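Student: Need the complex rebuilt from these two chains, each delivered in its own frame; the hints are there to steer you.
Going down the list, the protein sequences come from chains V and R.
Using this note's numbering, the first residue of the first sequence is number 1056, and each one after it goes up by one.
Using this note's numbering, the first residue of the second sequence is number 178, and each one after it goes up by one.
It is possible that part of the hints are untrue.
Computed from the model, here is a short list of chain V residues facing chain R with C-beta under 8 Å [unchecked claim]:
(1) Ile1065
(2) Thr1067
(3) His1212
(4) Asp1213
(5) Lys1226
(6) Leu1229
Listed next, the in silico EDC-like pairs over lysine to aspartate or glutamate satisfying Cα-Cα at most 16 Å (straight line) [stated by the list, open to error]:
(7) Lys222/R to Asp1232/V
(8) Lys222/R to Asp1149/V
(9) Lys187/R to Glu1225/V
(10) Lys1233/V to Glu226/R
(11) Lys228/R to Glu1225/V
(12) Lys230/R to Asp1232/V
It should be emphasised that the hints constitute simulated quantities derived from the structure, not laboratory data.
Quick caveat: nothing in here was measured; it's all calculated off a predicted structure.
Even for Gly, the Cβ is constructed at its ideal location relative to N, Cα and C.
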Amino acid sequence: MAYSDKIRNIYTSTIDEIREKGIFKQERYIHSSQAADIEVEFPTGSALKKVINMCANNYLGLSSHPDVIKAAHEGLDTRGYGMSSVRFICGTQDIHKELERKVTEFLGTEDTILFPSCMDANAGVFEAILTKDDVMISDRLVHASIIDGIRLAPAMHDTFKHSDMAHLEEKLQLHADKRLKVVITDGVFSMDGDTAKLDEMVALCEKYDAMLFVDESHSSGFIGKTGRGTHEKYGVMGKIDIITTTFGKALGGASGGCVSGRKELVEMCRQKARPYLFSNTIAPVVVSGVNTVLDILSKSTERRDKLEKNTEFWRKGLTEAGFVLKDGDTPIVPVMLFNAKLSQDFSKALYEEGIYAIGFFFPVVPQGQARIRTQISAGHEIHHLEKALEAFIKVGKKFDILGKTKQEIIAKYGQ
Amino acid sequence: MDEMKDVVLKYVINEYLEDEDEVLTYETPLISGGIVDSFSMVSLKRFLENKYKISIPDDKATPEAFDSVTKIVKLVNEFLK
Chain V
1056 MAYSDKIRNI
1066 YTSTIDEIRE
1076 KGIFKQERYI
1086 HSSQAADIEV
1096 EFPTGSALKK
1106 VINMCANNYL
1116 GLSSHPDVIK
1126 AAHEGLDTRG
1136 YGMSSVRFIC
1146 GTQDIHKELE
1156 RKVTEFLGTE
1166 DTILFPSCMD
1176 ANAGVFEAIL
1186 TKDDVMISDR
1196 LVHASIIDGI
1206 RLAPAMHDTF
1216 KHSDMAHLEE
1226 KLQLHADKRL
1236 KVVITDGVFS
1246 MDGDTAKLDE
1256 MVALCEKYDA
1266 MLFVDESHSS
1276 GFIGKTGRGT
1286 HEKYGVMGKI
1296 DIITTTFGKA
1306 LGGASGGCVS
1316 GRKELVEMCR
1326 QKARPYLFSN
1336 TIAPVVVSGV
1346 NTVLDILSKS
1356 TERRDKLEKN
1366 TEFWRKGLTE
1376 AGFVLKDGDT
1386 PIVPVMLFNA
1396 KLSQDFSKAL
1406 YEEGIYAIGF
1416 FFPVVPQGQA
1426 RIRTQISAGH
1436 EIHHLEKALE
1446 AFIKVGKKFD
1456 ILGKTKQEII
1466 AKYGQ
Chain R
178 MDEMKDVVLK
188 YVINEYLEDE
198 DEVLTYETPL
208 ISGGIVDSFS
218 MVSLKRFLEN
228 KYKISIPDDK
238 ATPEAFDSVT
248 KIVKLVNEFL
258 K
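Chain R with its partners taken away, still in its complex shape (with noise of 0.2 Å):
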């Protein structure tokens, strides 16, 4: 879990910072705190979807969903099971 809460975070870290400076922690709203718009949760999925080879349906990836990295951790585990 805290593993793949790591992997996680440093994608979206890699992935949407453009500042070098910015914190981002686990609870970081990443949707409604306009750090990830709603057109780049298409990668954010996909990402998910091969690294844990899982098939997150669309109804089930939703804004709330993917708003930090521990309920994208959560989301990603009810998938796992």
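Isolated chain V (complex conformation) (with noise of 0.2 Å):
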């Protein structure tokens, strides 16, 4: 037997270790289509509970829209389930160039190619366009996924300090003798909810001759006044080398995702990125629902408007509360409770009110940064988020934090 009982045990210790630090993650199954309005399995075997989702990507509340689920299942009917294949050899339908071409146009960038995610876009794209002889400089905290196709990635990899660009000018000059340099960040960080100074970013990479990269995920479809992201909020379309973004959240939220950006880079990662080469086109029926999403989308900015106002009443309503958020404009709205257990008691006190949203602590977040991200959608009426501010009002009495500043919620429950 090659899995012997003496490697069984190594993993169940290592298991057994995650589960006494208190970091295992446990799913929680959810027995209706992704919407405000969820019916959710919790704990394994209890009883269904309808919650209102406050943590889902679902930022333009477009994951069961009918006529994305309509162009779904004509792409289901016309172009089939599968394709079993490659982009290069036999994966490649008129509907993924007319995505492509879709994409290219909305983002106001060049060329797009697409990819099964946009992990794996991030994972790609560097080692595809980048030697020993270049040098990567990212944000200190930009996603897992572009940490880890920087990697892949044979060139040198700096960093430099969390939206600073003083720190990142000095090491744009410290790294002025490489062959190419590529400045890296989110556009909008998952975490904080900020934006990147893409404006301040863009002039400093035409100072010093360095391409520019921005993860566009948590921004596609929304920020920006007709929401084509962050690069449109700070008036810098078509400056950007580089971006990539997914489909998985505010575009449909399935799955797929690209890279878009200069022809030539684009071209690069046809010829050389891996999880292009050797992973499975995106099935037609995700092509269709995310050509019509961003009909959708180019027609009117209705959704993303709507989901700026809602933003801003759920802003003001914890602001007046007393609770202390991370500044920012985007629909990530992170509530701080600093204290790691304190952010899970908070988030299942939450679930017994009715409202779904999940506690982040180290390592996913910094130590001692623990919080309830919360995340607003399109998809959300008035009422979802009045009722939400009562129960956030309502545990935040019971564990008196309410009013309460850092210093004062961290010296009553620790960091």
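Tutor: Right, dumping it as structure tokens:
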């Protein structure tokens, strides 16, 4: 037997250690489609509970939109279920090219290549376009998938302090002798909900002849006046050399991602990016859905406008109630609790009140920065947010943190 | 020597410490103490090479050799000679 007791014990003790550290992750089973109102089985085996979802990446409420579902059905009927191929053998349909054209137009770039996910796009892009003579300079809070992509690339890697432009400039000077320089950032940072200063970053990249890479997974579809992303918000559309983004969040929420940007860089990905070359094409049903999502968003800004209003309502309500929030204006609204156990207890108490929101703590966020990350959606109506706010206030009172400063919460619960 | 120690200490504090209250001495373990990770050693190495006009071979730029300000200064001095 290859899987001996010795081997099994190694894994069971490792899993036990994860439990003992209190960082064991457990799935909650949802028995409905993704929406503001969902039915959840939690703990496993318990009766279904109707709750308001405050932690989905479904920013535009398109995950279960009737037009998107209809388009997915049409894709299934006319292009089949699967392609049983990578893109370059026999996995490229007309609708895949249509989606690449639409994304290019939506993001205001030169060209686009689809990947099975944005995780794959981030994992593949740096290795495809850089050599050992180059340098990658990344913000210290970029997403884990970017860090994995950086690890796979042969180029040198350095970092700059989160959103610190003076530090970034120092690093661009330090690495001035490199053949190519790429500055790497998220557009919207997923844990804090703040945005990268892309106008300043573009100026620095122009000054030091560096390329700029932005992951727009938490921005595409709703940040900026017409929802094109963080580059639209900062007035630098057409100036970002590489954008990666996902179709798994605001843009329908199914799966898939892309690299969009300078045409030579996209071509390099088509020739060399391993997750593109060695992983299956996106299923036709998903491609059809995303094509329709982009049609909806190109016709009207109604959904991102509603999301903006909902976000304002939610931030204002929580602030007036006396919670400590992370500053920002995106639909990611972190309610700061600082203590890991408090974040877990708070999340449980919210669930009892019919609100589904998850507590995040180290190592997902820095030590002593535990929080409940709430995410607002255009799928929320004001009555959802009112009910959620009521529950937050009730639970906030229970734990006696309303109107308390960071120091007071830490003094009460520890860091 | 002491001047170099202060230059390196100041660089490490500015570059790696997030918490202003944290105290760093010449002997504080940087790599084994989790203050500087192996990724971040790259910029430290480049800083030293640019500042002191030296070239530190990769096989000498080990986590052990970079583990405190005192050790870093010793390493730099080897290549200054």
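Student: Work down the list of hints and note, for each, if the structure agrees.
Tutor: Results of checking the hints against the structure:
The beta carbon of Ile1065/V is not positioned within 8 Å of any beta carbon in chain R (closest approach about 25 Å), and the interface hint is therefore violated. A hinted interface residue such as Thr1067/V counts as satisfied when its beta carbon comes closer than 8 Å to some beta carbon of chain R; here the least separation is about 28 Å, so the hint is violated. Here the hint on His1212/V is kept, as its CB sits about 6 Å from the closest CB of chain R, short of 8 Å. With its C-beta approaching chain R no nearer than about 5 Å, Asp1213/V sits inside the 8 Å limit, and its interface hint holds.
Because the beta carbon of Lys1226/V sits about 7 Å from the nearest beta carbon in chain R, less than 8 Å, this interface hint is met. At a threshold of 8 Å, the smallest CB-CB gap from Leu1229/V to chain R is about 6 Å, leaving the interface hint in force. Under the criterion of a C-alpha separation no larger than 16 Å, the hint pairing Lys222/R with Asp1232/V is consistent with the structure, at around 15 Å. As the CA atoms of Lys222/R and Asp1149/V are separated by approximately 50 Å, the hinted pair breaks the 16 Å bound.
At roughly 15 Å between alpha-carbon atoms, Lys187/R and Glu1225/V fall within 16 Å of each other, so this suggested pair holds. Distance hint between Lys1233/V and Glu226/R is fulfilled; the C-alpha atoms sit about 14 Å from each other, no more than 16 Å. The hinted pair formed by Lys228/R and Glu1225/V meets the criterion: a straight-line CA distance of about 13 Å does not exceed 16 Å. Taking the CA atoms of Lys230/R and Asp1232/V, the gap is near 14 Å; set against the 16 Å cutoff, the hint holds.
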